[in-house]
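2 protein chains.
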Amino acid sequence: MKIIREPHEMQQTALTLRDKAIRIGLVPTMGAFHDGHVSLMRRAKHENDVCVVSLFVNPLQFNDPADLERYPRNEAADLEIARSVGVDILFMPSVAAMYPPDAQTFVEVTRVSQPLCGGNRPGHFRGVATVVAKLLMITLPRRVYFGLKDYQQCRVVAQMARDLYFPPDLVFCPTVREADGLAMSSRNVRLSPEERRAASILPRALELAQAQFAAGETNPAAIQARVRDCLLSEPLASIEYVEVVDAQTLEPIADIVQPALVAIAARLGDTRLIDSVVLTPPQSEPEPPASEPLDISDVPHRTTGHHER
Amino acid sequence: MKIIREPHEMQQTALTLRDKAIRIGLVPTMGAFHDGHVSLMRRAKHENDVCVVSLFVNPLQFNDPADLERYPRNEAADLEIARSVGVDILFMPSVAAMYPPDAQTFVEVTRVSQPLCGGNRPGHFRGVATVVAKLLMITLPRRVYFGLKDYQQCRVVAQMARDLYFPPDLVFCPTVREADGLAMSSRNVRLSPEERRAASILPRALELAQAQFAAGETNPAAIQARVRDCLLSEPLASIEYVEVVDAQTLEPIADIVQPALVAIAARLGDTRLIDSVVLTPPQSEPEPPASEPLDISDVPHRTTGHHER
Chain A
1 MKIIREPHEM
11 QQTALTLRDK
21 AIRIGLVPTM
31 GAFHDGHVSL
41 MRRAKHENDV
51 CVVSLFVNPL
61 QFNDPADLER
71 YPRNEAADLE
81 IARSVGVDIL
91 FMPSVAAMYP
101 PDAQTFVEVT
111 RVSQPLCGGN
121 RPGHFRGVAT
131 VVAKLLMITL
141 PRRVYFGLKD
151 YQQCRVVAQM
161 ARDLYFPPDL
171 VFCPTVREAD
181 GLAMSSRNVR
191 LSPEERRAAS
201 ILPRALELAQ
211 AQFAAGETNP
221 AAIQARVRDC
231 LLSEPLASIE
241 YVEVVDAQTL
251 EPIADIVQPA
261 LVAIAARLGD
271 TRLIDSVVLT
281 PPQSEPEPPA
291 SEPLDISDVP
301 HRTTGHHER
Chain B
1 MKIIREPHEM
11 QQTALTLRDK
21 AIRIGLVPTM
31 GAFHDGHVSL
41 MRRAKHENDV
51 CVVSLFVNPL
61 QFNDPADLER
71 YPRNEAADLE
81 IARSVGVDIL
91 FMPSVAAMYP
101 PDAQTFVEVT
111 RVSQPLCGGN
121 RPGHFRGVAT
131 VVAKLLMITL
141 PRRVYFGLKD
151 YQQCRVVAQM
161 ARDLYFPPDL
171 VFCPTVREAD
181 GLAMSSRNVR
191 LSPEERRAAS
201 ILPRALELAQ
211 AQFAAGETNP
221 AAIQARVRDC
231 LLSEPLASIE
241 YVEVVDAQTL
251 EPIADIVQPA
261 LVAIAARLGD
271 TRLIDSVVLT
281 PPQSEPEPPA
291 SEPLDISDVP
301 HRTTGHHER
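So the sequence lines, in the order shown, correspond to chains A and B.
Counting with the UniProt record's numbering, you get residues 1 to 309 for the letters of the first sequence.
Counting with the UniProt record's numbering, you get residues 1 to 309 for the letters of the second sequence.
Hints may be right or wrong, so weigh each one.
For identical chains, the list gives no copy identity; a pair is met inside one copy or between any two copies.
[To be verified] The calculated DSBU-like cross-link candidates involving lysine-lysine, where the alpha carbons are at most 30 Å apart (straight line), are:
| # | residue 1 | residue 2 |
| --- | --- | --- |
| 1 | Lys45 | Lys20 |
| 2 | Lys149 | Lys20 |
| 3 | Lys149 | Lys2 |
| 4 | Lys2 | Lys20 |
| 5 | Lys45 | Lys149 |
| 6 | Lys45 | Lys2 |
Simulated from the structure, these hints should not be mistaken for lab results.
These numbers were taken from a predicted model, which means no experiment stands behind them.
Chain A extracted, bound-state conformation:
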């Protein structure tokens, strides 16, 4: 595994690979690897010629300096995991390299950045869009892999890629969960044993929503109320939001007639956790995708990306 720390060296390497028609699969990460990351790395390696993993804790997407300070970092373990999975290049730039003193360009995705986490984390998605734009240009991948655990991030990135005509295919991969259903997240290591046990209330609340929807409930407010009640039953959890919104635009809906997102943000002690599930009405299901990658970006974007580069 090659470790590259300089963006221009990474870009030069990517250009050289592209000239030889060697396809790069990129997994952008903030490190503190867990099995969710590993599943993305495995898939990137399987579907491309070279697997590049970027590891960069992006200060621009932390609205809260204390949260940035506390964000889990474990470089030694990350290197070990990346090596064992067979990652070809680990791109680990410094903050100074990604944001030199005169850096002043920002990418902003307006509408899908505003609801849900956008309300509680001002500037967060601007930071995400800006760093992902940089990472895509530096690593020039054929495909990029994101975990659907950060659903709104996936939507923001998909919208940016579509609006700016970024060539790579974006591949959004299912959330990987612990045995009790808790979505894997780097932040989980910060939970106390009691909080860790209590945290399973998030997936349980989402399962209730799915069951309710399967039983015929299509009223967003009714589903939202049930999820909220479930979360309130856990005294260690404090709700930041529970929303049922359009899965594409993330805007409020009156009735679930198209795919809807049930999204939760809650705190357990100092740790903020998010989780979500998409409810898809039977009539709105697309053609069975067979073994196609799950992809929530828009059709026009997918269409462009289908040739080989």
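Using the hints, position chain B against chain A.
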């Protein structure tokens, strides 16, 4: 000459060319071609395998709807000129294709967008940065050509390209002028004969600044005052701004010890004209660039772009 109107068709064509190692030179324009455009097209054709010219009057960079309405358009003449110069592909997207209803991604370059025209044209450079980002991703050029007449635009684009690691080389080309020194601009056709004669006051004022600087004046305020006085001598011209700033950051300077920009914006009747000149102190001159393209982007960016793709 091939005319392409659909962004995805253009991108597909660009990807196919890139796969064959055919290098694209892009000239982004808003049409109403004059000899300044022609010089960029000739250079793009000479230095690359394929010359792509984009013609798109970008509504996002017009802060004033009346200005957008009045902007000169002459598609028939433009086609004729592009053909005669040997342009290979003319990319003419519609507004709806470049900005579909759900488009919501903007690229913002903060510091260099604020002074000069940024103060009088809010949102203008956000529109420029956003459309240039889209055009670069759609046409995937090896080199992109801009005229230095729009000096601040060149700085904004150079900064964006550097910050976001856009791979193409940016080539900034000297302003092409009429016999009386007036900088060529699509807007010049809107001048009445009297206004056209009066407009030569802009280059004459800049020549005064150059002469004053050559004679040893390095005080920005003194040069600014001389330029302003000169412009005031022409009753048909009304000054929007006269500024002497750092040529790289566009920030105010106390003394000209590094390259400085003398920038003018003035109105002749309804028509807004801009012009500028760079004053370079002898000791700050870089190594003689020989036949290298004139390039105001930063060294790190140039360095990345020097290999062949």
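Self-check item: Structure-inconsistent hints, enumerated in ascending order
Solution: Of the numbered hints given earlier, the structure breaks just one, which is hint 2.
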